[in-house]
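Those protein sequences? They're chains A and B, same order as listed.
For reference, each letter of the first sequence is one residue, going 1 to 307 in the working numbering.
For reference, each letter of the second sequence is one residue, going 1001 to 1585 in the working numbering.
Derived by calculation from the structure, the hints in this document are not laboratory data.
Ideal placement from N, C-alpha and C gives every residue a C-beta, glycine not left out.
Hints may contain errors.
Said to hold, decoys possible - Which residues of chain B face chain A? A partial, calculated answer using Cβ under 8 Å: (1) T1380; (2) K1408; (3) G1411; (4) Q1412; (5) P1426.
Said to hold, decoys possible - Below, simulated DSBU-like cross-link-like pairs (lysine-lysine); rule was C-alpha separation at most 30 Å, straight line: (6) B:K1549 x A:K214; (7) A:K193 x B:K1549; (8) B:K1401 x B:K1429; (9) B:K1119 x A:K4.
What the hints assert, rightly or not - Computed beta-carbon distance windows for the label pairs: (10) B:P1073 x A:F101: 38 to 46 Å; (11) A:P218 x B:S1448: 22 to 30 Å; (12) B:T1451 x A:N20: 57 to 65 Å; (13) B:I1552 x A:N208: 54 to 62 Å; (14) B:T1451 x A:F213: 42 to 50 Å.
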Amino acid sequence: MLNKTFNKIYDTDIGYSFFNSKIAMISSAVLFIIFLCSIFAGVVSPYNPFDPASVSLMDAFTPPSWSEGGSPSFILGTDQQGRDMFSTIIYGSRISLIVGFASILFAMILGVFLGVTAGYIGGRYEIIVMRVTDVQLTIPSILMALLVNGIAKSVISQSMHSEMAIYVLIFAIGISEWPQFARVSRASTLVEKNKEYVSASRIIGLSNVLIMFKHILPNILRPLLVIATIGLALAIITESTLSFLGVGVPPTTPSLGTLIRFGNSFLFSGEWWITFFPAIFLIVLALSINLLGDWMRDALNPKLKIR
Amino acid sequence: MDERRLKSKIKNKMSLLKVKNLNISYPTRKETIVASKDVEFTLERGEILGIVGESGSGKSTIANAIINLIDPPGEITSGSIKIDNDELRDNEELIQEIRGKKIGFVFQDPQTSLNPLFKIKDQLIETIQTHLNLDYQDALKKSIQLLEEVGIDNAEKRIEDYPHQFSGGMRQRVVIALAISCEPDLIIADEPTTALDVSIQHQILELLKDLTKKRNLGVMIITHDMGVIAETTDKVIVMRHGLIVEQGDTKELLTNPKSNEARSLVISVPPTNKKIDRFKLISPDGKEITSDSKNLTKDIIKTWGARENTNQKLLELSGVTKIFDDKSLVSNFSFGSKNETAAKVVKAVDNVSFELFEGETLGLVGESGSGKSTIAKIITGLVRPTNGEIFYNNLSLYNSKRKYQIDKSRGQVQMIFQDPYSSLNPRFKVRDIISEPIRLFQKNISSSELTKNLYDLIDIVGMSRQSLDRYPHEFSGGQRQRISIARALATRPRLLICDEPTSALDVSIQAQVLNLLKDIQDELHLAMLFISHDLPVIRQMCNRIVVLKNGIVCETKESEELFNNPEHPYTQELIRLMPKIESII
């Protein structure tokens, strides 16, 4: 049974390309492990770093287990509060991934909606939407996110800050990423719109909304999937950058960027592991997503198809 | 040296091109596709050889093999290709020398075979200087001569132009000039006129014939168009699945094909000399194909209710005009003065009026740019007319604000498109494609009734019921066109607009689809508006014909009357120039 499904997947062009690309297989395996770990963080990590009861200041600054003074109970050492690095990284990556996925989803929904409608409806509406996109693209996404974050901080009351921080972050990153989706989906819509199946639907008398989202949207998903994957890596890095600058998630629920920021201050006093391991983890995560996105772009491009 | 002299002496005695035992295959992941199997033929100087076959029969592969341009992973597995007794196979050096010099190439699409960034002059001179030992001035002189030879007026001035400044036919002439620029002995033309209009096609073919005689060339024309073969070639090769099924004298083969495969191909070509009721179809293995959609329509008539042919006026166009301009774009950005924008106005359809009656087929014929597709789009509401009225059943289809009123026709106007590859949504199963219009018009339909409707429709177009659960990409072009027809019939239309429904199909499939359309029309008493550039097809399908030129109606006549004594000079010209092929039945 399992063998049969495997053969079926292998038989498709994408499946074949996947199982013949080492990069795609390795990066997706790495991602799979990271996703599993962050979903089941409570099971995988030896400690719960957010539970004050399990943290002891006595354990602070323990180096990694293999170096001198290390303890086998803390594989990657501990930070200044005595939290196990391995556990904090796993819990941190969970937050990074949630923010990344949610913000890309938000950006995608907004961008695709605007892009498809702009491409299909055209006229003045299209010109306005696309000019807004152009303007937005001239603003660096970090700057945009900082701006949104700053505004949100002054609007939301002090007591709500830490509660709302993650939503603000998702909104801030999402709003800075949507132009990519709008551009790609508009361009693809323009291509699909002139195909005869769209004309046929119009002659039948289907409503424009149905044509746009039932007929055209499924046909432009491929390029969107590719930029969503690459955008995910970008969103995670943006989140980390913001957290590193101290405007991201609150220190009580640290993400990978926050962890790097914590460790940064101890870097020159010899406690390198506090910043090193989260940073490596972030690099591996972003790299794997990017490599998978690159493979996907080639595999889904019919022009580059190698038999 | 001696050897070379000897060669040139015997040159005239032997064949220019000799292909022997040629095998070409494309190994892919799942199977090895044999594109050519034991192909053998010869070509003499002063002779035009036609290679004809349906898509995928391997005719282009042979042409590419001669100049070693087979796309990887394709490869020649065995055989030999000799030009004047020089073996070309696996001899890259010789091919490099010969390509462009001894062998000229003419491709299908004149839009893409010239580099748009270089002047005609530069492209010609570059080719000439690569192969002939001439200095710039001599090369330029020769280029001008060549352009004059292929019939480009004012060659001295036009040579300074860029490709986009030439029309399609002129560009193909330039490509031919390029092909003959280095005094080749052999010209390979791969579908040289497929992208061109009838009148230009005629000129290009005449030019090729002329050059063959004047320069004593060997010419190889690859085409799917039997008319072109009949008009130009001396010898013809019929291919199928990489095999030569028959070769011989063109006239002999076209009037009396011996093999079943060739016969099945020739018999399905629409004859130009008379109107036949249905195409007689023979499968490549010699069996007669009989279509019996008459029995199949019985079910559909039960659900639709019997229809009677009342010969009433169904559609009327009066004074329809469509002007395309760039005003909307320009006014938003307002570049340039207003005078400039006025010059960009194009009248795609100019004061067109005609009527269409129930149960008849009206043909719209014209060359590219004649506005025939625009008329179809106006009737179906895809394009708004600038002026004029369209009545369906005496109800105006456009209201006073020129907005299309789809409820006036209640989906009774449906359309079949040209390209079977883009007219079906690739993400939808056939079931969903056909049931979507049914659901739209019968909101409360029960699922058992829907299934029955689907079965009726899929039966009538001659497809199996299993095909409902497949995706469009699993079907061939002809099958997709059948699905398209089923979808168009789903709303129970009274008027079916066919916009070049068979232009993208092979002749044998074309014959089947045309038969199907005739059957459906007879049974369901549909009115049809049949749009095509292909005069023989129009003659076979239509009762009356409207001839269009640049958006203007030239004449409207009964179809046999039109073909037998055309009145308008343009119609006369079109009929004179169309490649003739006679019925063999």
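Taking the numbered hints from earlier one at a time, note which ones the structure violates and give those numbers from smallest to largest. Failing hints, ascending: 2, 4, 6, 8, 9, 12, 13, 14.
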